[in-house]
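K.L.:
Input sequences plus hints: build the corresponding full structure.
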Amino acid sequence: MQTVDLLPLVLVLAAVAYGLAYRRSRAVAAPLGGIRNLQALPAYYAARAALWCALPALVILGCWAAFEGQVIQGRVMASLPAELAPQTDGQASLRLSQISNLAAGKLNPALVPEGVSGAATLLQELREQSSRFKTLLVILVAVLGGTFAWTRIAPHINARKSVERILQCLFFMCAAVAVLTTIGIVFSVIFETVRFFGKVPVTEFLFGTSWSPQTALRADQVGSEGAFGIIPLFTGTLMISAIALMIAVPVGLLSAVYLSEYASRRVRAVVKPMLEMLAGVPTVVYGFFAALTVAPFIRDLALMLGLEASSQSALAAGLVMGIMIIPFVSSLSDDVINAVPHTLRDGSLALGATQSETMKSVIFPAALPGIMGGILLAASRAIGETMIVVMAAGLAANLTANPLDSVTTVTVQIVTLLTGDQEFDSAKTLAAFALGMMLFMVTLLLNVIALKIVRKYREQYD
Amino acid sequence: MRLGTITNPMNSDVVKEMDMPNLKEVSAPDERPAETVIEPGKTVGMPFTANPRFQLRNVEVFYGENPAIKNVSLDIARNEVIAFIGPSGCGKSTFLRCLNRMNDSIDSCRIKGSLQLDGQEIYSPGRDVVELRARVGMVFQKPNPFPKSIYDNVAYGPRIHGLANRKSDLDDIVENSLRKAGLWEEVRHRLGAMATGMSGGQQQRLCIARAIAVSPEVVLMDEPCSALDPIATARIEELIAELSENYTIVIVTHSMQQAARVSNRTAYFHLGHLVEVNDTSRVFTTPEHELTESYITGRFG
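Heads up: the sequence lines are chains Y and V, in that order.
Residue 220 in my numbering sits at position 220 of the first sequence, with consecutive numbering throughout.
Residue 15 in my numbering sits at position 15 of the second sequence, with consecutive numbering throughout.
Simulated from the structure, these hints should not be mistaken for laboratory data.
To give an idea of the chain Y side of the interface with chain V (calculated C-beta under 10 Å), a few residues:
1) Leu344
2) Ser348
3) Ser361
None of the values given here were measured: they were computed from a predicted structure.
Note that the Cβ used here is the ideal one computed from N, Cα and C, for glycine as well.
P.N.:
Structure representation (structure tokens):
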């Protein structure tokens, strides 16, 4: 049987074990005067039996599925006659696909050497054997596990404790998935970054003022020298994020104040979901809104005022990005403002303060840490945004303070460095990982600060 | 009906629930003895006084369609301490909150009748709520100091009403208010400390100082001691006695001993009706209405 077929089978066995153990535990309890004389409820004995039945079998199934292929491959390759044995990795994989295609019947046996068809037969045989053994072993383990749990159904054995322990482990493993993934991502980025710094010095990367990522194909090529200074990229990122925050923070905050303090329940019920919908618009859609509507408008406006402006500008990207992150600020601030205890609001109003005085001098200061958390979240979102910038701000890495100029950001450069056919050992490609690392560190820092502020806020009112 | 459990007459202050407007409580099943009938608008005792501060006539309050206060008429005299007592959900807090329009923020709340403070209608359309609340201060059930320094808490009201022209004036107001609230000696060396770090009793006295810092004429107290321990409660009660020299005080309480100790007059509310109002000593010794008697002897509530 295949792995996919065995999986439901194991689950069915576990269900059977559950049912049997449930009845068994009731039967054990009956002569003692009911289930209250057991150390745990029948459902716990049953759950333990089901877990004992399913978990070991699933672990074996998983391991088998993970290593089966490699073991079979190794034996098949070893069986090849010496003259057909591959010399390099490339040859090996070529030979292997030849063998497996032959085994699958996609290749005419007359076209391949003698030894290869022998290997294909061996492969077929090994696969069948493996499948048989796997099925037998898994069923055996499941039945043994279930039987073991069956024998452990006794009034003095507390099944609840062991079930709780197993579940605790299960929860831990689920939590570990997220953590391990993060660690995995960090390490993969770190290794590539270290390789990049082997080719380009750290100081040049961090303090260089010119960004022109290219590597020469020939030594005598024109412009063969690439420049990897991230300062233009970071100033671009910062400028666009700053413009976005200048839009999003006041608009978001004031709309949060309106929603939480002034809006009637009916208005709030309509406006709040609408505002949150802004966060659901795909960034690509924002991107063409920025590129086709906002950017030309800004250019025309600037030209009318006698300013020089390019058709792609940091201002356009920043404005649209600001609209995009409004809901982060408004929605979080609204929640935080609503979380300020009602007694404080009443206390201020009862002293004769108006609604806006109450807002300004009592509620806002009390909610400030939470609001800061929301703003920092919005900021890390703005820094990580790519699509709008690609479409509206351009690709040119200009070191400029003029928001009407076209600029580029860290994320955009990562995209351009890694799209298309790339060789993964040139400084140009590896630079993407170094940029990613820098970006990761900046947003991580922002998130840590945001979390710290939010936590401090929580302590105040709990 | 819990008629079988007559115990110590003065022992029903264990009830400490929030007396916030609660529709379910208002329409809770009638617990009064079956033979007792309340005539709407008919209040036993002496609800009216000469030259009152508050003149409240035929007041009705609704939450949506549910009546919470049914045709209540009452005078509140100058410089008296009047206590509102009654079982949970009887409307005493609702009635109290009408006196400084704190019910305004509840959308479904409607108020009928005439409520006058010094001859002026509280609920007239042109009435400035800010001015009203500056004259009628309020202390809440749970101490609610602002998360600011002790000084800023007390200075909050004077600042928004522009009561002090100079820093030294403000300092004086803060000191006087804290002195009146009996808190000055405890906090004079840490006025800059966070108010939320004080004990519950201190916080409640701070809230009283904060309320009297704007020189109100009336102080409304909505179960001011229900979150405090007996010692802190005793401090607040002493304070109420001192404050009654200068302010009209309306206090809602679940503790009948407290009503007996601090008030001159006591008003007994039952299911939205004002059943009996009289001098406190008379209410607790010779109640005229059988519902009042049942309540103060602990048959329900």
